[in-house]
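**Q** Make one complex out of these two single chains by using the hints.
Protein chains in written order, with the UniProt record's numbering: chain A, 1 to 235; chain B, 1 to 273.
Taking lysine-lysine and the DSS-like style, the derived pairs with C-alpha atoms no more than 30 Å apart in a straight line are: (1) A/K159 - A/K92; (2) A/K50 - A/K92; (3) A/K159 - A/K89; (4) A/K196 - A/K51; (5) A/K50 - A/K220; (6) A/K159 - A/K196; (7) A/K228 - A/K176; (8) B/K220 - A/K102; (9) A/K165 - A/K220; (10) A/K92 - B/K218; (11) B/K218 - A/K102; (12) A/K159 - A/K51; (13) A/K102 - A/K220; (14) B/K218 - A/K220; (15) A/K171 - A/K159; (16) A/K102 - B/K67; (17) A/K50 - A/K159; (18) A/K228 - A/K165; (19) A/K176 - A/K51; (20) A/K102 - B/K122; (21) A/K220 - B/K220; (22) A/K220 - A/K89; (23) B/K122 - A/K92; (24) A/K165 - A/K196; (25) B/K179 - B/K220; (26) A/K176 - A/K165; (27) A/K89 - B/K122; (28) A/K220 - A/K92; (29) A/K92 - B/K220.
Cβ pair distances, simulated, as ranges: (30) B/P161 - A/Q202: 49 to 59 Å; (31) A/E180 - B/L160: 51 to 61 Å; (32) A/S31 - B/P161: 52 to 62 Å; (33) A/N42 - B/L229: 35 to 45 Å; (34) B/G183 - A/K159: 56 to 66 Å; (35) A/R99 - B/F15: 33 to 43 Å; (36) B/Q47 - A/A225: 29 to 39 Å; (37) B/L160 - A/A41: 46 to 56 Å; (38) A/K159 - B/Y235: 49 to 59 Å; (39) B/V115 - A/Q63: 18 to 28 Å; (40) B/K239 - A/N42: 44 to 54 Å.
Simulated from the structure, these hints should not be mistaken for laboratory data.
Where is the CB? At the ideal position from N, CA and C, for every residue including glycine.
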Amino acid sequence: MGDSQYSFSLTTFSPSGKLVQIEHALTAVGSGQTSLGIKAANGVVIATEKKLPSILVDETSVQKIQALTPNIGVVYSGMGPDFRVLVRKSRKQAQQYYRLYKEHIPVTQLVRETAAVMQEFTQSGGVRPFGVSLLIAGYDDNGPQLYQVDPSGSYFSWKASAMGKNVSNAKTFLEKRYTEDMELDDAIHTAILTLKEGYEGQISSNNIEIGILRADREFKVLSPAEIKDFLEEVE
Amino acid sequence: MTGSMDLPAKGGFSFDLCRRNNMLEKNGLKLPGFRKTGTTIVGLVFQDGVVLGADTRATEGPIVADKNCEKIHFMAPNIYCCGAGTAADTEAVTDMVSSQLQLHRYATGRESRVVTALTLLKSHLFRYQGHVSAALVLGGVDCTGPHLHTVYPHGSTDTLPFATMGSGSLAAMSVFESKYKEGLTREEGIQLVSDAICAGIFNDLGSGSNVDVCVITKGKTEYLRNHQLPNPRTYASSKGYSFTKGQTEVLSTKITPLKQKVEVTEGGDAMEE
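So here's chain B without its partners, still in its complex pose (with noise of 0.2 Å):
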C-alpha cells in the first residue's frame, strides 16, 4: 500500500483493481469460492398460522463451529425469523430490524405486521447490493392473517405457503413437495417441518445436529427451541476407563536417574509468613 493512495469514493462499484484480477486469473490463479450457506431452514403456513423451522449447526467452512445455535430469531412477538447465510449478518439484520419495529409499534400504538418486516429488511439488504449475506424465512401473524415470505441476500422476496432456504434447502423442499397440503393440523405442521429439517440435518453437511421449531398463531407464539434432538453426543463412559497392566506390550524399558541438583541441608530459619 502506498502512501499516496487517494480515498476511495463513496458509493458506487470500484474497478480498479479488475485488471489485476484478470491478470492474476490468466497466470493461473484460483479465485476464491463462494461458500454455500451451511443451513437447513423452513417454514409453511398452516391452518391457524405458520411454522418455522431451522436446524442447530453453525459451520466455519468444514468445521462445525457451534453444535447449538439459534436460528430463528426474534423480530416482534408475532413475528419470528429463520436465518441463513452469514451469522453475523443474520444476526445483526435481525437486531436492527427488530429494533426499528419495537419503535414503530410505540410510535403506532399497534402489533407490527410481516409486510413491515419484511420491506425493512429487503430495503436494507438491496441497499447493499448483496454483500450482506443473510437468506432469512420471515413468518408471522398479524391482523391481516398468517404471513410467509422468503428474503434473498440482493433483496427479492418471495410470498409463498411453504419455504425452504439454505445448503440443505432441496433435501427440505423435497420432503415439503411431497408430503404439503393447505389446511394442515398445528401437530401436522410441526411434524411436517421436522421431517424437512431432518432432512436437511442427515442429507446435508452443512446443516446438522438439533431441531428448532416455532409456531405462531393468533395471538400465541410457541418456540420449541430443540424440539428434535436426532443427534445425541455419546459421552465418554462416566464410569471411567480401567487399563490394567499388561494390556499394553511393553517393548524395551529404559530408567535414567535424575542428577541430585539441589543439597538439602537440615536447619536454618524457617521462611518468614
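Bound conformation, chain A alone (with noise of 0.2 Å):
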C-alpha cells in the first residue's frame, strides 16, 4: 500500500498506548448519522437516517443500506465514500470466496475478512484508517446474525446495537426494549421507534431506511411504502 515514499505507516501508537488515529476515526463514526440493528429470533433488521444535506438532494440516488451477498446486508455510520470502498472488497471477497469453496460465504467469514481490511489499513504505509463503523446482518445456517465493525478492525457480535451521534441513548432504549424471543416485525417496530427517540425533526418514510432478513434468507431494503407501512403500524 503506498509508494516507497510513504511507505511507514501514518497510524503510530502514542505513549499511553493508544492509536489516536483510531480514537479519531471513532469520533467521525460517532458524530455520524445514527444507525443500528436487531437481531430477531427469526430475523435481522438494520435501520437508518437517511438525513440530507438539502431538500434539493434526490434522496432516492442515495443508499446507505447495502447488500453484500443475497443473505448479508450491511448499514454504516460515518463516512459515506469509505463505506463504498468496503463495501466494493466486501462483494468481491464473497464472490471470491464462493469461487474457491463453492460454498456461499459464511456471515462470520464475511465479518472476519472485512475486519481484517480495515485492520490492514491501521498498519500499512501511506493511509488512514476507514472512518465508519459497520452493522453487518446475516441470516445462514448458524441462523441471524448482527456484527459490528470498528475503524480498528475489531468486530463483535450483538444482540441489537447502535452507532453514531445518539449511540448511547438508542442503547439505553435498545436495552430497556430488547426480548430474547422477539419476533422480526417486533423488531423492526422497535428499530423505528428508537431511531424515531433521537431524530430531529420528524421521521418519515423517504428520511429513514431500514434492511431486512426473514426466515428465507433474502436480504432486502425497504421500499418507502413498505416503511410508510411499518411507520403506520408504530404510531
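**A** Now the structure itself:
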C-alpha cells in the first residue's frame, strides 16, 4: 500500500499505548448519522437515518443500506465514501470465497475478512483508517446474526446495537426494549421507535432506511411504501 | 531438461521448439491431432424469448466419461450458457463470468444484460488466443429483448436467431435449417430444440444420452433438466439370473484336497477380550 516515499504507517502509537488515529476515526463515526440493528428470533433488521444536506438532493439516489450477498446486508455510521470502498471490497471477497469453495460465504467469514481489510489500513504505509463503523446483518445456517465492525478492525456480535450520534440514548432504549424471543416485526417496530427517539424533526418514509432478513434468508431493503406501513403501525 | 534453462519470456509465442517439431515430422512422427469436441448444443429465439438445448454426454476420447453431465451453465438469473469443448474450460470460464456479472449487478443495481456476458466472455477468450477451448452458445432475455450468441474459442462471436455448436452441430443445424421459422411458440421452440439435440445424439458419436432444455423469457427462466430421456439404460434383471445345474457342460473334474497346515488343540485359555 502506498509508494516507497510513504512506506511508513501514519497510524502510530502514542506514549499511553493508544492509536490516536483510530480514536479520531471513532470520533468521526460518533458524529455520523445514527444507525442500529436488532437480531430477532426469526430474522435481523438494520436501520439508519437518512438526513440529506438539502431538500434539493434526490433522496432516491442515496442508498445507505447495501446488500453484500443475497443473504447479508450492511449499514454504516460515519463517512459515506469510505463505506462504498468497503462494500465493494466485501462483495468481491464474497465472490472469491464462492469461486474457491463453491459455498456461499458464511456471515462470520465475511465479517472477518472485512475486519481484516479495515485492520490493514491501520498498519500500512501511507493510508488512514476507515472512518466508518459497520453493522453487518446476515442469515445463514447458523441462524440470524448481527455484527459490528469498528475502524480498528475489531468486530463484535450483538443482539442489538446502535452507532453514530445518538448511540448512548439509542443503546439504553434498546436495552430496555430488547427481548430474546422477539419476532422480526416487533424488532422492526422497536428499530423505528429507537430512531424516532433521537430524530431531530419529523420521521417519515423518505428520511429513514430499513433493511431486513426474514427466515427466507433474502436481504431486502424496504421501499418507502413498505416503511410507511410500518410507521403507521407504530403510530 | 537441463538445469541451466532460461525462464520463458512473459507473453507472446515461444518459437523454441518449432525446429525440433519440424525435424520430428520429417522423420515420420505423427503430430497429435485436435480432438473435435463431443457435444451438441443449440439455441433459438422464439416469440417470447430464447430456448437453449444440450445433450448430456461428456467424452474422453472414445470413452464416455459422464453419461448425464450438465452443459447448460448458469450465468445470471436471466442468462444461461451452453458449453462445448474442454469441460474444465467451459466450467471455469462460465463460473468466472457469472461471478463477475454478480458483482456488476450489485454495483449497478440492475439486471445483467446478455451483451455484458458476451463481452466478458469474448475478451477473456481472445486474451488466451484460443488456448481456452470453450465454444459457447449464450442466450438470455434482458431489458433490451431476447438475445442469442455463439462464442468461438478464439474470441469471435456471432449473433443469430438460431445456432448450433459442437461435433453434433451439423446434425442439429440440418434440423434447424429445415424447420425454423420466426415467431415460434414456446411448445414449438422446445420441440424443435429437442429434435435438433436428438439429431445430434443419434447421429454423432460424441453426443448422446439425454436432452437438457432451458427456456428463458422476460422475468422467468425454466431449466428443464433431462427434458427427454431417449436412451434409457436397460439394467440387469432385478429378479436375478438362474443357472440350473446342467446348463453348463462339464468337460473334466479335478479335486485337489488342501494339506492340513493348522493343528487344532482343545483346551487352553480363551482369547482376551
